[in-house]
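Enquirer: Protein chains in written order, with numbering that gives the first Met the number 0: chain Y, 0 to 477; chain U, 0 to 477.
FYI, nobody ran anything at the bench for these hints, they're computed from the structure.
Identical copies carry no separate label here, and so any pair may be met within one copy or between two of them.
BS3-like, lysine-lysine: derived pairs with alpha carbons at most 30 Å apart: (1) K155 - K165; (2) K155 - K166; (3) K382 - K394; (4) K419 - K394; (5) K166 - K213; (6) K419 - K465.
Values in this document were obtained by computation on a predicted structure and should not be read as measured data.
Number of protein chains: 2
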Amino acid sequence: MVDFIADYYAKIESYPVLTQVQPNYLRSRLPSTAPYLPEPLQTIFHDISAHVIPGITHWLSPNFFAFFPATVSTAAFLGEMLCTCFNAVGFNWLASPAATELEMVVMDWLAHMLKLPASFMFSSGAAGGVGGGGGVIQNTTSEAIFVTLVAARDRKLEALRTNDVKKLVVYSSDQTHSTFTKASRLAGICPSNVRSIPTSRDTDFALSPELLRKVVEADVESGLVPLYLCLTVGTTSTTAVDPLEPLAHVANDYNMWVHVDAAYGGSACICPEFRHYLNGVERVDSLSLSPHKWLLSYLDCCCLWVKRSDLLVNALSTNPEYLRNQPSESDSVVDYKDWQLGTGRRFKSLRLWLVLRSYGVANIQSHIRSDVRMARMLEGFVKSDLRFEVVVPRKFALVCFRLKSFGRAEPSYVDSLNRKLLEWVNSTGRAYMSHTVVGGVYMLRFAVGATLTEERHVVAAWQLIKDGADAVLKVKGV
Amino acid sequence: MVDFIADYYAKIESYPVLTQVQPNYLRSRLPSTAPYLPEPLQTIFHDISAHVIPGITHWLSPNFFAFFPATVSTAAFLGEMLCTCFNAVGFNWLASPAATELEMVVMDWLAHMLKLPASFMFSSGAAGGVGGGGGVIQNTTSEAIFVTLVAARDRKLEALRTNDVKKLVVYSSDQTHSTFTKASRLAGICPSNVRSIPTSRDTDFALSPELLRKVVEADVESGLVPLYLCLTVGTTSTTAVDPLEPLAHVANDYNMWVHVDAAYGGSACICPEFRHYLNGVERVDSLSLSPHKWLLSYLDCCCLWVKRSDLLVNALSTNPEYLRNQPSESDSVVDYKDWQLGTGRRFKSLRLWLVLRSYGVANIQSHIRSDVRMARMLEGFVKSDLRFEVVVPRKFALVCFRLKSFGRAEPSYVDSLNRKLLEWVNSTGRAYMSHTVVGGVYMLRFAVGATLTEERHVVAAWQLIKDGADAVLKVKGV
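For reference, chain Y alone in the conformation it holds in the complex (with noise of 0.2 Å):
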């Protein structure tokens, strides 16, 4: 397997990046039913490269440069491979205290290299930081997005009295993720309550703290209760960021819960130089950050803090005769079932401690670096090239570019020669990029950051993309 794995890496740039399989392709290859009598291990590695590689798109090859990368590394594998060898399933404190303790030391770890302030540390609490802030690790942001709402909701219903959700509003800009939406429509949240404010190009799509103001004072003044503000720390479609510190003053205003989202861009804020976009973090409840984005962790990995981890117990905590232990009794140590949705959990603090000691912070700063000057190079080369324009400015190591129209044409054939221009890259299978539509504009997507990405590969990427473009304006005629 070991063998099979490294050859595969070896591989991975021959494969298309976006892989070129139709529809219901795999259904016709295997059979209908699990074989009765085992198969050998080498039929099955044989039906792994005839039939599942050619329909993987290969989110490690140093060629994927769509959506956010998912990055991967060594040290991450060794810690994800323990995890599995332990199978240690740390739903409370006794079932596993390696499990939640290494996952308290890690995420204080981690809040410390994001200068975070002590109150989402567990060292800064009391009780071994029991009830107090701290972290946790959850699958995804969508759950610590939907685990921070559910306990926000909960204390204000508290507050109010009542078990009736429809005054409850929760507001975001339309830049934030749409995991959002969803959360809020699962937290019960009425569709109606959910409020999307417009951003525009002269803020580079941040939130104004000045419309939300009004936003919520209009709210507060047709009888509704605000209940949650999310923010975005690098925003999926082009790295936004909204200003915290004016954002979570208008909130704190109102007694809000805000989170901070800060699943891509959290962690370039590990490097002194970024760290100014987490200005204004004292003032907010939670914020969460995914390290298998950028961090050089494997899926499926979310570090969530929080200031009062009594808000979520409240929210989250049960207490069956069947998992009842003196320590979780005595209120002495952390239950980590009580901080997200599911009973069950993985020891999934491993990868990260490895990966934090095996590279160190300076290492793991270096690697931001690197990427960000990748995207850098890359945005020289999109304004040396008169055909493109750098649509929003480029602040982590995402660019937004695309084919300009010259003042000669409609806007919606200028989308449409983009639109053409990503086409024509990503079916060549050398490289693969994403697309977006902000403020009207369609936009391409080049996010720098697959773990095996080397300078060359950008270089090449942006030869591809050229020939793409002469042979798009050619077909085109413009």
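Got chain Y; can you put chain U on it based on the hints?
Expert: Quick look at chain U alone, frame taken from chain Y:
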């Protein structure tokens, strides 16, 4: 790392099964911040051996008989390594077609093994199964229950043309896993509308259809709306089985969504002699089963089947511009992000696929039967010792037993004897059992199923239990 893991498994019997560390044991042993410079792997391995392993409760020990087992296998380990290797993010079909389609194939395989009706399979549906029946891998039963509950809630609210959840009522027995109450709270169901219907020893703690009908009728008369019924095949406390057929009949009369939580017991139903526990499954809307509990898979792996995936998609879909793509727009593919809470997801079907192929259905059935045989053996031991009684008839591989009262003692005194016995056994570190209280009776739970457990371990554990009984009864002077 492979050597380290092999060494762990070789030594696993030498570690105390239940860890003997005290709360906060780890913090003082590790630095409070991450290292700035890299540390050698040797140092990290040393810390794992010296500080992590002593704090682990060894779920994979052959002497682990607590809770339900967390089963593992070499094939699943290899599958897990492959999943990590590809790190494919299968949020929608295009992001990794192989990840989506292999999951569809494997879920159909397992559905066939369980003889589920075709209405739960992709292969029965039109358009590649889109919108009809099919399965999906969730992380935990909690999520499976939560997402189906939300789908049921949104369908009902739409039918009632209201946003008001306050009239909706959900039902289960008092033996249902506590995560059901939690999921109901999360979905915004009023706590006063979560019915936990009493069970008794007369029905081996199964939910009574007659009682369910009475409770539902009373609710309807009060103007409430029945929403969701959660049934269990193999409850956590005693592996009680709710009779699906008559209970679903009641629920069908009131247009409720019926979910079957077969997290533990469902696995046994791949053997013909246990399949009758699923009789009536054709009348339910969804079923979940956790292969990490008994089908040789690792955490976290909960299989969920639904008849109407369109209802999940209605409740859970998002469609941001940056994820738009032609296959998804054409409705010809499954986008699993719309079947679950989160967006990102791992290539989890690989491990289940490797397990099913490497062992074949025949060997997996043998594995289930072997565990049941060992549990039956322990049951025989218990029955042969007059000091003990089996409290609830054994159905699967869990034995619920206790020291008897001999009619001489107060119930609370007998409970305390059994508590002492459990403490005595677990504190030796040579075996780990758990307990429960059902129908007011405190009892010990002995669950056979750790992958490494052989007859000799069960025999040794029984000797230990007898020694414990000698010690406890002697001290107590009974």
